[in-house]
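Novice: The chain contents come next:
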Amino acid sequence: MDMQALYQEIILDHYRAPHHAGLREPFQAEVHHVNPTCGDEVTLRVHVLDGVVEDVSYDAEGCSISQAATSVMADLVIGKKIGDAMEIHDSFVELMQSRGRVDPDEDVLEDGIAFAGVAKFPARVKCALLGWMAWKDATAKAVSDSEV
Amino acid sequence: MDMQALYQEIILDHYRAPHHAGLREPFQAEVHHVNPTCGDEVTLRVHVLDGVVEDVSYDAEGCSISQAATSVMADLVIGKKIGDAMEIHDSFVELMQSRGRVDPDEDVLEDGIAFAGVAKFPARVKCALLGWMAWKDATAKAVSDSEV
Amino acid sequence: MTMQGTALTGLLDTDRIRADFPILSRRLDGDRPLVYLDSANTSQKPRQVIGAMTAHYEQINSNVGRAVHQLGDASTQAYEVARVKIAAFINAPDASEVIFAKNSSEALNLVANTLAWAHGDYEVGVGDEVVITEMEHHSNIVPWQLLAERKGATLRWFGITDEGRLDLSQIDSIINDRTKVVSVVWVSNMLGTVTPLETIIRRAHEVGALVVVDASQAVPQFRVDVAALGADFVAFTGHKMVGPTGIGVLWGRAKVLDALPPFLGGGSMIETVTMQRSTWAPLPAKFEAGTPPIVEAIGLAAAVDYLSALGMDNVAGHEHAITAYALERLLEVDGLTILGPTEPVDRGGAVSFEIDGVHPHDVSQVLDSLGVAVRAGHHCAKPAHARFGVQSSTRASFYLYTTPAEIDALVDGIEQTKRFFKVGS
Amino acid sequence: MTMQGTALTGLLDTDRIRADFPILSRRLDGDRPLVYLDSANTSQKPRQVIGAMTAHYEQINSNVGRAVHQLGDASTQAYEVARVKIAAFINAPDASEVIFAKNSSEALNLVANTLAWAHGDYEVGVGDEVVITEMEHHSNIVPWQLLAERKGATLRWFGITDEGRLDLSQIDSIINDRTKVVSVVWVSNMLGTVTPLETIIRRAHEVGALVVVDASQAVPQFRVDVAALGADFVAFTGHKMVGPTGIGVLWGRAKVLDALPPFLGGGSMIETVTMQRSTWAPLPAKFEAGTPPIVEAIGLAAAVDYLSALGMDNVAGHEHAITAYALERLLEVDGLTILGPTEPVDRGGAVSFEIDGVHPHDVSQVLDSLGVAVRAGHHCAKPAHARFGVQSSTRASFYLYTTPAEIDALVDGIEQTKRFFKVGS
Ligand SMILES: Cc1ncc(COP(=O)(O)O)c(C=O)c1O
Ligand SMILES: Cc1ncc(COP(=O)(O)O)c(C=O)c1O
Numbered sequence: 000m001d002m003q004a005l006y007q008e009i010i011l012d013h014y015r016a017p018h019h020a021g022l023r024e025p026f027q028a029e030v031h032h033v034n035p036t037c038g039d040e041v042t043l044r045v046h047v048l049d050g051v052v053e054d055v056s057y058d059a060e061g062c063s064i065s066q067a068a069t070s071v072m073a074d075l076v077i078g079k080k081i082g083d084a085m086e087i088h089d090s091f092v093e094l095m096q097s098r099g100r101v102d103p104d105e106d107v108l109e110d111g112i113a114f115a116g117v118a119k120f121p122a123r124v125k126c127a128l129l130g131w132m133a134w135k136d137a138t139a140k141a142v143s144d145s146e147v
Numbered sequence: 000m001d002m003q004a005l006y007q008e009i010i011l012d013h014y015r016a017p018h019h020a021g022l023r024e025p026f027q028a029e030v031h032h033v034n035p036t037c038g039d040e041v042t043l044r045v046h047v048l049d050g051v052v053e054d055v056s057y058d059a060e061g062c063s064i065s066q067a068a069t070s071v072m073a074d075l076v077i078g079k080k081i082g083d084a085m086e087i088h089d090s091f092v093e094l095m096q097s098r099g100r101v102d103p104d105e106d107v108l109e110d111g112i113a114f115a116g117v118a119k120f121p122a123r124v125k126c127a128l129l130g131w132m133a134w135k136d137a138t139a140k141a142v143s144d145s146e147v
Numbered sequence: 000m001t002m003q004g005t006a007l008t009g010l011l012d013t014d015r016i017r018a019d020f021p022i023l024s025r026r027l028d029g030d031r032p033l034v035y036l037d038s039a040n041t042s043q044k045p046r047q048v049i050g051a052m053t054a055h056y057e058q059i060n061s062n063v064g065r066a067v068h069q070l071g072d073a074s075t076q077a078y079e080v081a082r083v084k085i086a087a088f089i090n091a092p093d094a095s096e097v098i099f100a101k102n103s104s105e106a107l108n109l110v111a112n113t114l115a116w117a118h119g120d121y122e123v124g125v126g127d128e129v130v131i132t133e134m135e136h137h138s139n140i141v142p143w144q145l146l147a148e149r150k151g152a153t154l155r156w157f158g159i160t161d162e163g164r165l166d167l168s169q170i171d172s173i174i175n176d177r178t179k180v181v182s183v184v185w186v187s188n189m190l191g192t193v194t195p196l197e198t199i200i201r202r203a204h205e206v207g208a209l210v211v212v213d214a215s216q217a218v219p220q221f222r223v224d225v226a227a228l229g230a231d232f233v234a235f236t237g238h239k240m241v242g243p244t245g246i247g248v249l250w251g252r253a254k255v256l257d258a259l260p261p262f263l264g265g266g267s268m269i270e271t272v273t274m275q276r277s278t279w280a281p282l283p284a285k286f287e288a289g290t291p292p293i294v295e296a297i298g299l300a301a302a303v304d305y306l307s308a309l310g311m312d313n314v315a316g317h318e319h320a321i322t323a324y325a326l327e328r329l330l331e332v333d334g335l336t337i338l339g340p341t342e343p344v345d346r347g348g349a350v351s352f353e354i355d356g357v358h359p360h361d362v363s364q365v366l367d368s369l370g371v372a373v374r375a376g377h378h379c380a381k382p383a384h385a386r387f388g389v390q391s392s393t394r395a396s397f398y399l400y401t402t403p404a405e406i407d408a409l410v411d412g413i414e415q416t417k418r419f420f421k422v423g424s
Numbered sequence: 000m001t002m003q004g005t006a007l008t009g010l011l012d013t014d015r016i017r018a019d020f021p022i023l024s025r026r027l028d029g030d031r032p033l034v035y036l037d038s039a040n041t042s043q044k045p046r047q048v049i050g051a052m053t054a055h056y057e058q059i060n061s062n063v064g065r066a067v068h069q070l071g072d073a074s075t076q077a078y079e080v081a082r083v084k085i086a087a088f089i090n091a092p093d094a095s096e097v098i099f100a101k102n103s104s105e106a107l108n109l110v111a112n113t114l115a116w117a118h119g120d121y122e123v124g125v126g127d128e129v130v131i132t133e134m135e136h137h138s139n140i141v142p143w144q145l146l147a148e149r150k151g152a153t154l155r156w157f158g159i160t161d162e163g164r165l166d167l168s169q170i171d172s173i174i175n176d177r178t179k180v181v182s183v184v185w186v187s188n189m190l191g192t193v194t195p196l197e198t199i200i201r202r203a204h205e206v207g208a209l210v211v212v213d214a215s216q217a218v219p220q221f222r223v224d225v226a227a228l229g230a231d232f233v234a235f236t237g238h239k240m241v242g243p244t245g246i247g248v249l250w251g252r253a254k255v256l257d258a259l260p261p262f263l264g265g266g267s268m269i270e271t272v273t274m275q276r277s278t279w280a281p282l283p284a285k286f287e288a289g290t291p292p293i294v295e296a297i298g299l300a301a302a303v304d305y306l307s308a309l310g311m312d313n314v315a316g317h318e319h320a321i322t323a324y325a326l327e328r329l330l331e332v333d334g335l336t337i338l339g340p341t342e343p344v345d346r347g348g349a350v351s352f353e354i355d356g357v358h359p360h361d362v363s364q365v366l367d368s369l370g371v372a373v374r375a376g377h378h379c380a381k382p383a384h385a386r387f388g389v390q391s392s393t394r395a396s397f398y399l400y401t402t403p404a405e406i407d408a409l410v411d412g413i414e415q416t417k418r419f420f421k422v423g424s
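Residue numbers (numbering that gives the first Met the number 0), protein chains in the order written: chain D, 0 to 147; chain Z, 0 to 147; chain V, 0 to 424; chain L, 0 to 424.
Hints in this document: simulated from the structure, not taken from any laboratory. Note that the structure is a prediction, hence the values are computed from the model and not measured. Hints are supplied without guarantee of correctness; some may be wrong.
[Claimed, not checked] Covered by chain L, per the in silico footprint, the following chain D stretches (three or more residues, Cβ under 8 angstroms):
| # | region |
| --- | --- |
| 1 | 4-13 |
| 2 | 35-42 |
| 3 | 52-63 |
| 4 | 119-129 |
[As the list claims (entries may be wrong)] Residues from chain D that keep clear of chain L, each with C-beta distances beyond 12 angstroms, as calculated:
| # | residue |
| --- | --- |
| 5 | Asp1 |
| 6 | Leu22 |
| 7 | Lys80 |
| 8 | Glu93 |
| 9 | Asp106 |
| 10 | Val107 |
| 11 | Ala115 |
Built from N, CA and C at the ideal position, the CB exists for glycine as well.
Same shape as in the complex, but just chain D:
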């Protein structure tokens, strides 16, 4: 159980200084997600425009893994087309559920590859996914609202 492998420097950096933290306007959808087992929480806003993720902002309370993952997620999806962002989401989820058997693609996941070690800690996978799940949910809401 290598703590250095789990707590990569990149993760600790994002944890200490999370990117895009703090709730911002404008936004089309806001969601609140909770990890029922540990209580970690995130309130997350998404703004989409012309099929692009214009902005993601959030207010999160949780462990280093969940905070850092949310920060990395925001970096990754902001400015991307929704479809492309969803693909990144899918790669990240796949990596998390791989129990360490998938090699992450740095071109797609950028700082997200630092989470490869988390996949070996089943209890922490939910932490890494909290922000991503919230983003997916909020984006779906934003899209369906803008379709109306």
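With chain D fixed as given, assemble chains Z, V and L with the ligands onto it according to the hints.
Specialist: Same frame as chain D, now just chains Z, V and L with the ligands:
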């Protein structure tokens, strides 16, 4: 596990030809008791007069042990003062709960001593007590009614 | 006629199987071998199941879903893998539809209780009807009586034919537009009857009623496919399928489970809790308040592995062959009347009977003195007994370890009982 | 300061005790010994308990209360002897007041549910009040929220002082003439606080309210005498007191239990059943529908034997000594804040804390990598965490096998964690 010791001839005799079976008038109290585990049932009537158990009659459905015990019980209590009948009840209950460690007193229990072997079969003790419990319950009701 | 006379086909290798069950080599009073014919009451357990639980307690034990540590992780994994295995065993579309309860009875009560508190579509109220059958185990009668009484609904039921089958002649009036829920046993624990679920489910869904299936005697005996069955809920119990006590399963359609209110409230079933209000976790946690029967789930998973290794079709084949042989032999006994179907068609391995002139308690007592363990009483099916005008019966029931020689021992014992009580020929 | 510096008195002979617990000699990842400090979550089990269950499955297994045969008799006896032992352990006036449930949560829900369906004296309705505390485990919050919401009653609660004690300053207004039931934890699983039950029970009974005590963390830790306590219900759970999963206990006053409607309906809880209506068996059967957790009850009886052999006063003494040592050592750690009483007075063996700058999840993760198993999260006590303005905490909890050296390992681990995350000195 000696079946002859459990199913004494006296028990089988009472089973084949139970004494005082069939519901009779007059009576002050009627009760219906059920053994929830096996479904054995007895409807039992008691008539008391001047502190004496004038009559006991019943309609019972059940195994040889429960039928025979009810028959023996009726023989034993009819005509006795309530206090004396209760003492016989108590000796019988004591015998049944003794797991075979108490020697029955034939002067008190008469045919009831045949049930000594039943005490070694915990699952059958309830069978032997069904009629006695019904009698005790009915007698208590009869007495409290006549006190009013 | 004894086994020697018949060529029984479809039997499992009981020599090998019996070696897995420590209790089956136990000696009873008088140094008699145990002839265990009470498996519909509870089955015996193989070493594989007992061992899986012991190993968990000795090496992994920890609470689930709450701890980050290695034991907690391992325990959680084992518990969730158990759920996945059980879901696969009954072909549940999704493992989150498998809810662990403490037994079948709780699983059935879970449905009746949540319906009692439901609002909206599933609400049961005055004017609504709840349908059961006269063949049910008390655990599939009382919850519905309580629901009907508490909510002012009407309880209706299917009767039983003289042959011990469900009387569906009035199906279109018994299940009607007012029907909100139909709860039916799949295999009767008293009569052995396998019920025509397809017909009942079709009709119930036609009128928009929910269907609950009491599969307590079905899942142990044959391959169950809840997806193909099409019911909304299926309940069964661990201890009758070579699993431990203390665990049962409710499979439910996610759509319905999601729409129902919670059953028990507490730890693990919440999403968030404030003093003012709480919200619920997604399935299956929503219906699993408190520390679940962790080691029991792991034991049940080992039971499912054991059954799957034998193959449920082979288990069913064995049950069928043994039941056919038992029916044949019992029908030869003078003064013996079988309650329930006498042909081994659509029939499980529980045979209840009466002996002229000897009360079931006395029959089972004498059999017990010979080492033959059967059940006497109402088998938690008083209405079905009342239907046949009896208060109780003797029941022999079989399972994957039962041998034809044990059926012979039963029949010999019955003859001895008759001689003892001086009845019959 | 480490153990070497203190003369700890009142400790049990942990060398001997630990030899009884197979899991405690287990090695974790990296060949590290297990330092199990998560006993408030679930305790470990000694050979004596595991062995009693294995022996039952291998030699006696059979359903209870239903069969006349030798195994059925033996199984029923073992199950009922278990009830008698547990009744004696808590000094219940009568064994029939001991109801077996699947865990504490079910025991508490049993009370809330039967009150929801009660008529007459115990009925809870509009205008009535239900009182709990902010210190409760979710399992003693959600059932009462559901009851209050479903019946239109009002839920009220006692707050917590800064020291982590119950704030009883408003007791006479919080418990008043409208109060129907008061449900309180005896020992908080998060703060460790032992609550002043006597005062609460006296006031509740003054206004005619029922009192329910969540003794999940009390019964494992000290001698409990329900007769002397004077509450109406006491709930606890097997797996926290060296017993198995899948079993809990509700002790209830016979007078109240008799007056309440049934909880779950089904086999064994009936007196008689017809299709039209059913009547209920006397206590305890009335509240035990279906096949009970038989082997689990037998395991719990073995647990009670184990605890009694050690002596509950000695167990309490050990817990006290270890907790005092843990508090002392933890208070020395820079940047560590204890949530709950910091003095080992009226305090159980669960210590929750925060480390400045490191999230509890991360604390417990690093501790785990060192073999130290603690719990991180809300410990099913979100409102108590909210009271202290935190979302989660790290909790170390102790039991009769915990050694001072394990406390030292915890403190060393915390220092390593701080270094790893570069916080503090
Ligand atoms: C104080 C308290 N109450 C209730 C419970 C619930 O116990 P169980 O999970 O066994 O139902 C627990 C343990 O989780 C507890 O610590
Ligand atoms: C048909 C049927 N339904 C329900 C039950 C109840 O199962 P359990 O006692 O495990 O709750 C049983 C067994 O007793 C049964 O045979």
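Novice: Does each hint fit the structure? Answer for all of them.
Specialist: Right, here's what the structure says about each hint:
Counting residues of the region 4-13 of chain D whose CB falls under 8 angstroms from any CB of chain L gives 3; the rule of at least 3 is met. Beta-carbon proximity to chain L at under 8 angstroms applies to 5 residues in the region 35-42 of chain D; the threshold of 3 is reached and the given coverage holds. Coverage of the region 52-63 of chain D by chain L holds [criterion: at least 3 residues with CB-CB distance below 8 angstroms; count 4]. For a cut-off of 8 angstroms, the count of residues in the region 119-129 of chain D with a CB near a CB of chain L stands at 3, and the three-residue condition holds.
With a cut of 12 angstroms on Cβ distances, Asp1/D falls inside the contact zone with chain L, its closest approach being about 8 angstroms. Distance check for Leu22/D against chain L: the nearest CB is about 18 angstroms away, which clears 12 angstroms, and the non-interface claim stands. The Cβ of Lys80/D lies farther than 12 angstroms from every Cβ of chain L, with a closest approach of about 34 angstroms, so its non-interface assignment holds. Against the 12 angstroms criterion, Glu93/D stays outside the reach of chain L, whose nearest CB is about 23 angstroms from its own CB.
Listed as a non-interface residue, Asp106/D keeps its Cβ farther than 12 angstroms from every Cβ of chain L; the least gap is roughly 29 angstroms. Against the 12 angstroms criterion, Val107/D stays outside the reach of chain L, whose nearest CB is about 27 angstroms from its own CB. Every Cβ of chain L is farther than 12 angstroms from the Cβ of Ala115/D; the closest lies at roughly 16 angstroms, confirming the non-interface assignment.
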